[in-house]
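Chains E and G supply the protein sequences, listed in that same order.
The numbering of the first sequence is the working numbering, which starts it at 1 and goes up by one.
The numbering of the second sequence is the working numbering, which starts it at 1001 and goes up by one.
One thing to keep in mind: the hints can contain errors.
27 Å max Cα-Cα, derived DSSO-like pairs, lysine-lysine [said to hold, decoys possible]:
| no. | chain 1 | residue 1 | chain 2 | residue 2 |
| --- | --- | --- | --- | --- |
| 1 | E | Lys347 | G | Lys1051 |
| 2 | E | Lys449 | E | Lys504 |
| 3 | E | Lys205 | E | Lys239 |
| 4 | G | Lys1121 | E | Lys299 |
| 5 | E | Lys280 | E | Lys265 |
| 6 | E | Lys109 | G | Lys1121 |
| 7 | E | Lys133 | E | Lys205 |
| 8 | G | Lys1072 | E | Lys347 |
| 9 | G | Lys1211 | E | Lys319 |
| 10 | E | Lys133 | G | Lys1121 |
| 11 | E | Lys308 | E | Lys319 |
| 12 | E | Lys449 | E | Lys419 |
| 13 | E | Lys347 | G | Lys1083 |
| 14 | E | Lys202 | E | Lys109 |
| 15 | G | Lys1088 | E | Lys113 |
| 16 | G | Lys1222 | E | Lys319 |
| 17 | E | Lys109 | E | Lys140 |
| 18 | E | Lys319 | G | Lys1121 |
| 19 | E | Lys239 | E | Lys113 |
| 20 | G | Lys1072 | G | Lys1050 |
| 21 | G | Lys1082 | E | Lys113 |
| 22 | E | Lys205 | G | Lys1121 |
| 23 | E | Lys308 | G | Lys1083 |
| 24 | G | Lys1050 | E | Lys347 |
Hint data in this document are derived by calculation from the structure and do not stem from the laboratory.
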Amino acid sequence: MAEEFILTRDIIQDHSERMLNIKKYYPYFKLTENAFTQFAGGRFEELDMGYILMAVLRFFIEENNFRENDVTYEEYKAFMHGIYRRDFAIALDSDEEAEVTSYIFDKIKNDGKPFAYTYFDPADKKRKTVRMKLIDSRIKEDVICYYITSDAIEFYLDTKEIKDESSISVAQVLLGKMIAASNFRGGIEVIKRINSEVSRLKARKNEVLNILSYDVFEGAKAYEDFVNTGMRWFEDEQKLFAKNMELVKEAVKRIESYEGDDLGKKDTAREIFYLEAELKKAVNKHSELLAACTDLQIKADEIIEGAKYSKLRRSFNFKDALRTMMDDGDSTALQYMITPILSLNTKKQFSLCLIDELLMAKPAAEEKGEKIKEDKETVEYIYEDEVEERRISHNYVEIIRVLLEKLSRCQIGEGFDLKSFNFDLAGIFDGIYSNGDYYSMLVHMCQKKRYDIDEVAVDTDTFFEADLKEASKGMSDLAFELSFDNEEKVVIKDIFEISNIYFKRV
Amino acid sequence: MTNRNLEKALDIVSELIMGRAVEKKGDNASLYQEYQNNSEVYDMVGLILKKMNINIFEYNYGLYISPGENNKTFGYTNEELKKAIGVKLNRELYLCYFIIYNIITRFYNDSANYTYVEYVKQEDIIGSVDSTLAGIISNLSVLAVDEVEAGSFKELALVWEDMPVVSGEDVSVRASRGSKAGFVKLVFNFLTSEGLMLESEGRYYPKEKFKALVENYFETYKGRLYEILRGDKEDATH
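For reference, chain E alone in the conformation it holds in the complex (with noise of 0.2 Å):
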């Protein structure tokens, strides 16, 4: 039992977990599937669009992350070229070009939409969708620039390393492994990917900052999110930075104390040294990360305080109200905020096919004298006052009923007080006491002292009798008389206290 709970637990809870880790590989298949065979009559079919995708992803990463550019279509253009004649060894025209690098890109960016695929979501019972973007764009200086999505760069990673929560650590356990086997080629190649996901890092920490500045919640939240799975590993990989470079270090004291071969000896040393360039540089830009994060932090306290002091202030904050409309999720409401600083609407629209049935329209060439017709209103409406007229009524009638059976029970000359009748109200209706028509009902009756079901059914001269003669309905030769003790009160659930009340048939 316990078995089949775990496995069913697995299958739902989960499911949408491990759909968003497909997710970053979704592009790739989305677009190496047919990607050329239906473009240009397939003209250009022996191109791979896989490896062109991970080639174009790489020289982004190259670009953004590494040299800190972004990317112009030009820069694009050109790098794709080479592409075409180094690994495909095709002879392309330069229109030929022009219109499969134009493709390629339209459908590595998807013409600026993201991929969405869709998936069901067993623990919500709901379709949902799933998107990202590889490629995003945005304009500086008139110049549309493109650069790589942090989505883009993890899927880039993700195809040849080991996915944890600090790839940094992980490239640094490799890149010890590495340099302790004397594989510096591959320990080079492992600190590049460092440098990538610490670049990825600081453009984590910039869009933090963004949506920070925008809305406090969000930014909070994203906040919270980027030190749980980014800065909390930071000492950690500090820590094994410098282990690595103790393992540079003596690595480069042996080949100093090494005497072998010259020719293998220069080679290893030109590697280690390298190896040791990069290794600084990997070195120096975590710690700009540091500082980066730590400047995060301060301007996160700040911006948050600053929030909090904005919410005592008494002027109408823009950003305090949309983020309460975003919250909300009606974007209805922004048309209260924005019509009322416009101009007067004074320029009134005239349909131009009014001219044209103006113009066409004859004349009769007699009046016909027209039918007055007496229109009556059908509708019944209800209004408000009205239903709360009609339960009170119903009420006053339901109640009345049992005080005329109880009166009816007595002989002329005999009653009863209040209290008993109360004790009887209470045994037939539930929360009689927590009702106001009961005590309005008894004001209503005390308008008179005397009650003849007879002389009511001809004359009614109160609300009470109205009710009274729809109680007394099939019922004759009843009356009733009312007398009150001031002295005497009756108190009910401890709040109300009312003069005690007799009925007495006459």
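Starting from the known structure of chain E, arrange chain G on it as the hints suggest.
Positioned in the frame of chain E, the structure of chain G alone reads:
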């Protein structure tokens, strides 16, 4: 009340409704003086406009008016506004509102504090809308298809997210509904035609009218606006 004062008050109201400036300097300087110095004229102008559900604000020696909430006669209906801006769908109109709101927030943090930003550019607003919707867009990475309600911010975010920054490689875009830059341009063109902004070489400067209406309207009606934010959109009798 004298006929002369009533006449002056009506002159001021009619000038304002016709969209002409009533300021300390200019053609209507005498009317402005009358409004400032004659308390009866001042009261009458206020009363007439109040009865017409029109707001009047004084800013920097000038008078500015705007339609009151739900003003069926002088306000824009959604359809009229769609036509005036050049969009077709309701969600596009609400996106325009959202962009205008973002333009306001570039200049104002709150109704009492001007940020001293001199002008904004198209790309600033694209960035601003991107950032404001960032929270929602990041949530859109996982999205329940049938949960996107009409008129919701998710719907706006989807419209925005699904547009490319520009439709071609040309940055000097024309106003259109096909790209983010084109959309923002549509809104700027509308605000310029409304006399709220002034365009110079791709820079958009807020005009006095913009400052007058934003600072005064949101300050004066903040109570009602917070009511609306709490979901009370029906009651216009504040």
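Evaluation of the provided hints:
no., hint, result
1, E:Lys347 x G:Lys1051, "20 Å, holds"
2, E:Lys449 x E:Lys504, "10 Å, holds"
3, E:Lys205 x E:Lys239, "22 Å, holds"
4, G:Lys1121 x E:Lys299, "26 Å, holds"
5, E:Lys280 x E:Lys265, "22 Å, holds"
6, E:Lys109 x G:Lys1121, "25 Å, holds"
7, E:Lys133 x E:Lys205, "19 Å, holds"
8, G:Lys1072 x E:Lys347, "13 Å, holds"
9, G:Lys1211 x E:Lys319, "17 Å, holds"
10, E:Lys133 x G:Lys1121, "26 Å, holds"
11, E:Lys308 x E:Lys319, "13 Å, holds"
12, E:Lys449 x E:Lys419, "18 Å, holds"
13, E:Lys347 x G:Lys1083, "12 Å, holds"
14, E:Lys202 x E:Lys109, "23 Å, holds"
15, G:Lys1088 x E:Lys113, "21 Å, holds"
16, G:Lys1222 x E:Lys319, "14 Å, holds"
17, E:Lys109 x E:Lys140, "18 Å, holds"
18, E:Lys319 x G:Lys1121, "20 Å, holds"
19, E:Lys239 x E:Lys113, "42 Å, violated"
20, G:Lys1072 x G:Lys1050, "14 Å, holds"
21, G:Lys1082 x E:Lys113, "25 Å, holds"
22, E:Lys205 x G:Lys1121, "25 Å, holds"
23, E:Lys308 x G:Lys1083, "41 Å, violated"
24, G:Lys1050 x E:Lys347, "21 Å, holds"
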